[in-house]
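Undergrad: What follows is each chain in one-letter form.
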Amino acid sequence: MRNISFILKQFSRSVLLAIGFALLGSAVYAQTDAAKGEALFKANCTACHKVDQKLVGPALGPVVTAETDDKWLYKWVQNNQALMATKDAKAMKVFNDNGQQAMTVFASLSDADVGNILTYVRAEWKKDQTPVASVAGGTAAESGPSNLVIFGLIAVIIIAFLVILILNKVIGTLERLLLNRKDIPAEEVEPSEDKSAARKAEFKKLLKNKRLVGFFVVCAVLCGGTWQWVTLWNTNVHQGYQPVQPIKFPHDLHAGVMKIQCQYCHAGAYKSKNATIPSLNVCMNCHKAVDRRLGAKEPSTEIAKIYTALGYDPQTSKYDSTKATPIQWVRVHNLPDLAFFPHSQHVKVAGIKCQTCHGPVETMSEVYQYSPLTMKWCIQCHKRTEVNYKGNAYYDNMIVVHDKIKRGEKVTAASLGGIECGKCHY
Amino acid sequence: MESNKKYWKGLEELNNSPEFVELNKNEFAEPIPIEEILSGTGLMTKTPRRNFLKALGFGVGAVSLAACEKVPVHKSIPYLIKPEEITPGIANYYTSSFDGHAILVKTREGRPIKVEGNPTDILAGGGLTAQAQASVLELYDVNRLQNPVKDGEQTSWDAVDYFVKSQLATIKAAGKQIRIVSSTVNSPSTLAVIADFIKAYPTAKHFNYDAVSYTGIIQANQNSFGKAVLPHYRFDKADVIVSFGADFLGSWISQAEFMKQYVSNRNSKSLAGKKMSRHIQFETGMSVTGSNADVRIPIKPSEEGIALIALYNAISGTTLPGTQKLNNDVAEKSIMIAAKELQAAKGKALVVAGSNDVATQVLVNAINSLLGSYGTTIDLDNTSNQFAGNDHEMADLVTEMKSGAVDAIFFLNANPAYDYYLAKDFKDALAKVKLKVSFSDHGNNGEGVSTLGDETSSLCNVIAPNHHYLESWGDENVLEGYYTIVQPAINPVYNTRQAEQSLLIWSDAPVKDYYTYVRNVWDKELLAKGGLSGQKGWETLLQTGSVKAAEKTASSYTFSKDLTAVVQKVLDHSKEVTADGDKVELQVYQSSVMRDGKKANNPWLQELPDPVSKVTWENYAAIAPKFGEKLGYKEGDVLKVTVNGYSVTLPILFQPGQAQGTVSVAVGYGRTLAGPVGNGAGQNAFPFYSYRNGTMQTAAVASIEKTGDVYTLAQTQTHHSYEGRTVIQETTFDKYVKDASSGNRSEREHKTYTLWDEYERPQYNWVMAIDLNACTGCGACVVACNAENNVPVVGKDEVRRRREMHWIRIDRYYSFNENVTKEKEIDKLDNLDHVSVVYQPMLCQHCDHAPCETVCPVLATVHSSEGINHMAYNRCVGTRYCANNCPYKVRRFNWFNYWNDSRFDNYLNNEHTQLVLNPDVVTRFRGVMEKCSMCIQRIQAGKLKAKIEKRPVKDGDIKMACQQTCPTNAIVFGNLNDETSEVARALKSERTYYVLEELNVQPGIGYQVKVRNTKETEA
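The listed protein sequences derive, respectively, from chains A and B.
Quick note: the first sequence, position 85, residue 85 per my numbering, numbers continuous.
Adding 10000 to a residue's 1-based position in the second sequence gives its number in my numbering.
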C-alpha cells in the first residue's frame, strides 16, 4: 500500500510537474509573442499608427480586432501594394477609407512577425477597452475635489468665525462678572499703575540719553540706507520672474526627462540674435503623434491648446487656417531694447551652455528668470569668461590674442573690447 | 597760394552778416531760457509755502505710485507655421528693380525695411539714388488708398470690375475712343498687357506722358537719323564733356548711371593713371552738374541756342547762315576754348543739352556728328527706354476730349491734373469723359482715410489703386537688352490690386493672374535672352534679378541734313524767350531731389536739402545776388512771378552762379493732393511750361514783382559753421600731374604734442576715406543713412531752428575761381557769377582724440578699441557739452520724441509707418545726443558672421549704409590695420588730408584733395 501510495505520489508529482511545466511553458510562449510584437510594433508601425486612435493611418486596435482574417492581414501588412494590384475589394476599401494614402510595404516582416504584432495590438486594445468605465468615473471624481476643497474651506472659515463670536461672548460675560466683583480689581489695579509709571519714567530717562538715542538713530539710518540701496539696485531687476504662460509647457519634461536639445526648438539661438520661441509647426513635429502624457488615458488639455491654436483637428488630421489663433506667450527674459544681445555670438561662437544664463531649465516645470540680467552681471561674465578662440580662424589675426597667449594670460571677452559701450548699445 | 583761398557756404557767411555772426555764437539756435528764469522774475514770484508743500507732496506721491507699477508684460508671439526661409532676427534679401536699377530689398520678419543696389546692376553697379533709397518709406505711407473707390466712396473690387466692364462694353459698342495715359512704360509685360487690352477694345490707344519729357531729343534723333529713340549716353567714354543745361548728374535721364560713368574718369583710380576728363557746363541756374564742372559759364536760356550755333561754327570752321553774336564775352570766349578742346578729343568728346527743343537738339546732334561721338560716347543702337513720352500726344488728347470723342480714359502713374501745363484746360476736357479710371495708389488732402488719391484721380469716377512696387510682380527694360525683374517683398498691405491685373480682368484676358502673365512673357522670350530657360531659369532670374542680352555694336552715325531751317528755328526760339524791358528770363527746372513731384509725400526726400541751394521742404525763386541787389531785393523777399497770366509767389534765394537777368524755379512742388507731407510744400511751377513746336519748353519770359512779404526758407547751408576755418583743400589737374600731393597742406611732418594717452587698436581700426573728387553731392547717402539708422524727420519749422537730425550732411562750399583773398573782395559781386563749388560729406570723424569724449560728464560717449567713438544713448543726460566741443559740428540733439509726438505727424508718429524702422538700431529719446555710429550694427553683424563662419573679416565684408548706396564709390570704409585693405591704400594716397588736422584731434576719416581740371588761361 505504502508503495502504491508512494508510486501514486511520485506519479502525481511528475504529472503535476509536467503540467506545471507545460503551463509555464505555454505562458512563456504567450509572453514572448506579445513582447516580440510590441518591439516590432514600436520599430515599424508607430510612425503612422496608434492602437487606440487615428494618426496617419487608422487606429489599429479596433480595426485589427474587427478583422479576423489573419491571412489577409498578413498579406496586407507585408505588401499592400500587391494586394491592391489584384483589385482586392477589401484592400481597395481600406485604401479609399483612409484618404487614399498608400501604406509602406513591409516585405521584411514574416508571417510570424505580423502575427506577433497583431497579438500585441489586440491585447493592448483589449486592455484599453476593459477599464474604460472606471477610468471615466475616476476622471469625473478627479475634477470634483477642487470644488469640495473650496466649499470645505468656506465651511471652515464660517465655523472659525462662529467660534470667535462665541468666544467673544464668553469673554464679555466673564468681564461683566469680574466688574460686578469690584473689590478684587481695585486691589490689583493700584500697584500695576504704580509700576507702569516707574517704567515710563525710566523710559523717559533713556530717551534723554543722547548717546543711546544717537546710537539708535545711526543704526536706523544705516539699516534704512542699506535697504534703500539694495532696493534701488534691484529696481527693475526681475530675477525669479515666473509668469503664467498660456500653455503650461514643462521644460523639465522636454529638456529634462526627454533630453531634447534646447536648439531643437530654439533653433534661432545658433544663427540669429533671437533664440526664438518655436513656431507651432515645430511642436507638431512630435505632438502630431503625441497627444497625451505617457500612460495617460485622456489627451492632454495643454497639447490640445496647440491644436486649437493651429486650427488642427486631430480626428481628421486637417488644418483649418481660418480657425488659427496665435499663442501669446509671456516673455520671461526682458532685456531693454537699448541692449543688443546676439544669441548666436554666445551660443555658436563662444559655445556657452544655455544653462549658464537661463539656469537649470531642464528642471523647471515653468520657466522663471534665473539670472538678474543686469549690466553688471553681463560685464562680470565678460571679464571672467575666456574667449573660445581655439579652432576659430577668425581669431587668428588678432595680435592681442597672440600676445596674451604667449604671456600665458587669460584671453577674456573684455580684453577683446567686450565691455565697451558700443558693443551692445547702438 | 591756395592757402589764402576763401571757402564759404552762403552769402551771409561771405559777407559776415550780423545775423550770421550772431547765430554762429551759439551751437544751438534757441538756447533754453534758463538765464531768464534765474535772473528775471522767475525767482521773484512768491509761491506760498503751503502750495509748495502741496506740489512737492503730489510730485513725490505721483512718482512713487508710478514707480509701484509693475513692469508691463511683454508678449512674445511666434509664428504659427514659420516659413522655412525666415529666421526672426535675420534679414532676407529679395531681388527686384526700381526705375530700371536692379535692387536688393532687405526684409526683416517679412517687412521690407531697406533698399540696396544690386551689385550686378549694369546701370550703377550697386549704387542707388536718393529716390530709390526713399522709395521703401512710401510702402508704409498711411495716405495710400486702402480700397478701390467709385464715385468718391470706398467699394469692392467686384463692384469696380462690374462697373468698368459694363461701361467699356457700352463704349465699345458705340465705337467711342478709349485712352490709356501712362508715364513711360518700359516693362515688356505691362506693354503686353496694354496690347491685349487694345486687342479687346480696338478703339483704345496707349501713349506715354512724361511730366518732364525728352521729346526734344527723341524727335531730333528721328529728324537727324530716322530713329525716334533716346540714345544711351556714355560719359565714361568721354574725355571732354560739354553740357548746355543738361543736369546729367542730377535729374537728367539716368542720374545714378551717369554719376558712375562720369566719376570713373575723375576718381582716384583715374587720377593715378594721370587721366581726368574735362567738363564744361553752360547753364542758367546752378545745378548739381554745373557745380561739379571744371568750368561753368552762366548763360541765359535765350543765349543757349546762339551759343550752340557758335560752337558748331567753331568746330566745323564754317559759318551757318543767320549766325548771331553772343552778347556775353565770357561765354563767347569759353565757346572757343570748348570747341578747341572738343576737336582735340574727337571720338572721345560729348556734347549734351538739356533743352527740350527739337531744333536745338538737332543742332547738338550735328555737333556730335562732327565730333565723331556716335558709336563711341553716344550709342544709338543700344537705346535707353527710360523716357518715351511724346509731348504732342497729350495736347492732342485734350483736343480729343474736348470734342467729346473720348469716352473712357485710364491714368497709370500719370497725374496731368497736377503736372500738365494747362491743367485747367485738361480738367475741363476731362469732365466730358464718361469713364475716368485712375490707378493712383496714394494721395490725400490730409483728412482721414484717403478716397481721393492724387490730383487727377480725385476727378475720376473710379480709382483702382495700384500696388506699391514692393508688392508687385513685373519687369523693366530701361536699356536695350537689359531686363530686370520686379518681385514682391511683402504681401499687399491694403486692398489694392496691380494695375496690370485690373486691365487683364477688364479685357477678359485668358490669363487673369498677373504673376502667371509675367512668367509667360519671360518664358516665351525674355529668359532666353539671358541664356536661361524653364523653371530653373526662372528661379535663377529671381536670384540674380536681371538678364542681359549681348550688346549690339554701336555703329557710327553721320549727320547730313541741312541746318539752315534748324538754325532759323533755334534763333526764333531764342528770340521768344529773350526778355526785354523789366522782364526776366525764367528757367523751369527739375530739382535733383524732388524731380517731377510724384514723390512729394515722402518726408525723407522733402527734408533732404537740395544739393546746391541746401533748401528743404519747398521751392524758391533763384536769382543772381548782383541782379537781385540791382532790383532792390533782399534774400527772403517774396516774389510774384508771372507768366502768361499764371503767377506764383515764391521766396527769393540769392544763388551765386545764377545767370544775370534770370529766375530759376523748380517743378515738383506745390502739390495739393499728395498727402499731408507734400501738400503745401512750395508752389507749382508746371504751368510755366509752354507748348511750342511740338514740345514742352522750359524757358519763358516772366515779369517779377515784390509782394512785400518776407519769408524764411528752411535752408541748412550755414548750419554747423566752421567759422572760417579751412576744411577744403583742392588743386588743379595740371598741378596734380606735376606733384601728386599738390594742394594738400597736410601737416604730417610737424611734430605734435598730445594731451591724451595713446590707445592701442590691436584688432581693427575702422576708418573711412572720402574722395572729394568722386563726390558729386547728390545726397543719396543722407537718405540711406536715414533709412538705416532710424534718423527722424523734423519738418520745416525745426529745420529753420537748425535742428535737422541728419547724421551725415553734404557741406557745399563756394569759392571764387580767381584767388580772391579777403583783401581783394571788393569786386566779388562780379565774381559771384563764376564761383566754383566743392562738396564735402561731413559725418562724425571718430577722432582718436575726440574732444567730445573729454567733456562728457557722464561718460556717455567713449572711445572703443576699434577706433570708433561710441555713443551710449541711455547714459546721455543731454548736457550738450559734446556738441559744443565738436569742431566738426556733427552731433545732433533730440529736442523731441519724434516718433511719438503728434507735432511730427508727417513721419514716424504712426504705428504703421514705424514698421519701416530698422530693428537693429534703437530710436532715440528726447533729450539725448546722437550722431553717426559708423553703422556699428553692420560692423557687429559683419564680425559675428565671420566668427560663425570661422574666418577672418575680409575687406569689403562690412559696408556702411552711405558707402553702399554711393553710385560713385566716393566713400570707402575698412580696417586700417589691414594694410592691403582698400581704405588703407586710399588713405596712403598723396591726396589724403584730414579736416582740421591742426587741432590734433586725429580724425578717423581722411578726405582726398579735390582736383579740378581747370586751365590757367580761362576765366
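Read the hints as simulated data drawn from the structure, not as lab findings.
Quick caveat, the model's predicted, so the values are computed rather than measured.
For every residue, glycine included, the Cβ atom is placed at its ideal position computed from N, Cα and C.
Incorrect hints may appear among the rest.
[Said to hold, decoys possible] A partial selection of chain A residues facing chain B, derived with a Cβ cut-off under 7 Å: (1) Ala269; (2) Lys271; (3) Asn274; (4) Pro314; (5) Ser317; (6) Thr322; (7) Gln328; (8) Leu335; (9) Leu338; (10) Phe341; (11) Lys348; (12) Val349; (13) Gly351; (14) Tyr394; (15) Ile399; (16) Gly422.
[Claimed, not checked] With a Cα cut of at most 30 Å, we get these calculated BS3-like pairs of lysine-lysine: (17) Lys10402(B) x Lys383(A); (18) Lys10348(B) x Lys10402(B); (19) Lys318(A) x Lys10082(B); (20) Lys10954(B) x Lys390(A); (21) Lys406(A) x Lys10436(B).
Undergrad: Now tell me, hint by hint, if it's right for this structure.
TA: Results of checking the hints against the structure:
The criterion of a C-beta within 7 Å of any C-beta in chain B is not met by Ala269(A), whose closest approach is roughly 10 Å, and the hint is violated. Using the Cβ-Cβ criterion of 7 Å, the hint placing Lys271(A) at the interface with chain B is satisfied: the shortest such distance is roughly 6 Å. A hinted interface residue such as Asn274(A) counts as satisfied when its beta carbon comes closer than 7 Å to some beta carbon of chain B; here the least separation is about 4 Å, so the hint holds. Hint status for Pro314(A): violated, given a least beta-carbon distance of 16 Å to chain B, over 7 Å.
Among the interface hints, the one on Ser317(A) is violated; its C-beta lies about 15 Å from the nearest C-beta in chain B, farther than the 7 Å criterion. The closest approach between the C-beta of Thr322(A) and any C-beta of chain B is roughly 12 Å, which is over the 7 Å cut-off, so the hint fails. A least Cβ separation of about 5 Å between Gln328(A) and chain B falls short of the 7 Å threshold, and the interface hint therefore holds. Nearest Cβ of chain B to the Cβ of Leu335(A): about 10 Å, over the 7 Å cut. The hint is violated.
With a cut of 7 Å, the hint placing Leu338(A) at the interface with chain B holds, because the nearest CB-to-CB distance is about 5 Å. Because the closest C-beta pair between Phe341(A) and chain B is about 11 Å apart, greater than 7 Å, the hint is violated. Contact between Lys348(A) and chain B, as hinted, is supported at the beta carbon level, the nearest pair being about 6 Å apart and thus within 7 Å. Hint status for Val349(A): holds, given a least beta-carbon distance of 4 Å to chain B, under 7 Å.
Because the smallest distance between the Cβ of Gly351(A) and any Cβ of chain B comes to about 11 Å, over 7 Å, the interface hint for this residue is violated. The beta carbon of Tyr394(A) is positioned within 7 Å of a beta carbon in chain B (closest approach about 5 Å), and the interface hint is therefore held. Given hint, Ile399(A) at the interface with chain B, holds; its Cβ is 5 Å from that chain's nearest Cβ, closer than 7 Å. The interface hint given for Gly422(A) holds, since its Cβ lies 3 Å from the closest Cβ of chain B, which is under the 7 Å cut-off.
For the proposed pair Lys10402(B) and Lys383(A), the alpha carbon gap of about 81 Å is over 30 Å, so the pair is violated. For the hint pairing Lys10348(B) with Lys10402(B), the CA-to-CA distance comes to about 50 Å; that exceeds 30 Å, so the pair is violated. Only pairs whose Cα atoms come within 30 Å are accepted, and Lys318(A) paired with Lys10082(B) is accepted, the gap being roughly 18 Å. Taken as a hint, the Lys10954(B) and Lys390(A) pair is honoured in the structure, with Cα atoms around 20 Å apart against an allowance of 30 Å.
With a C-alpha separation of about 80 Å, the suggested pair Lys406(A) and Lys10436(B) falls outside the 30 Å cut-off, and the hint is violated.
Checked against the numbered hints given earlier, the structure breaks hints 1, 4, 5, 6, 8, 10, 13, 17, 18 and 21 and satisfies all the rest.
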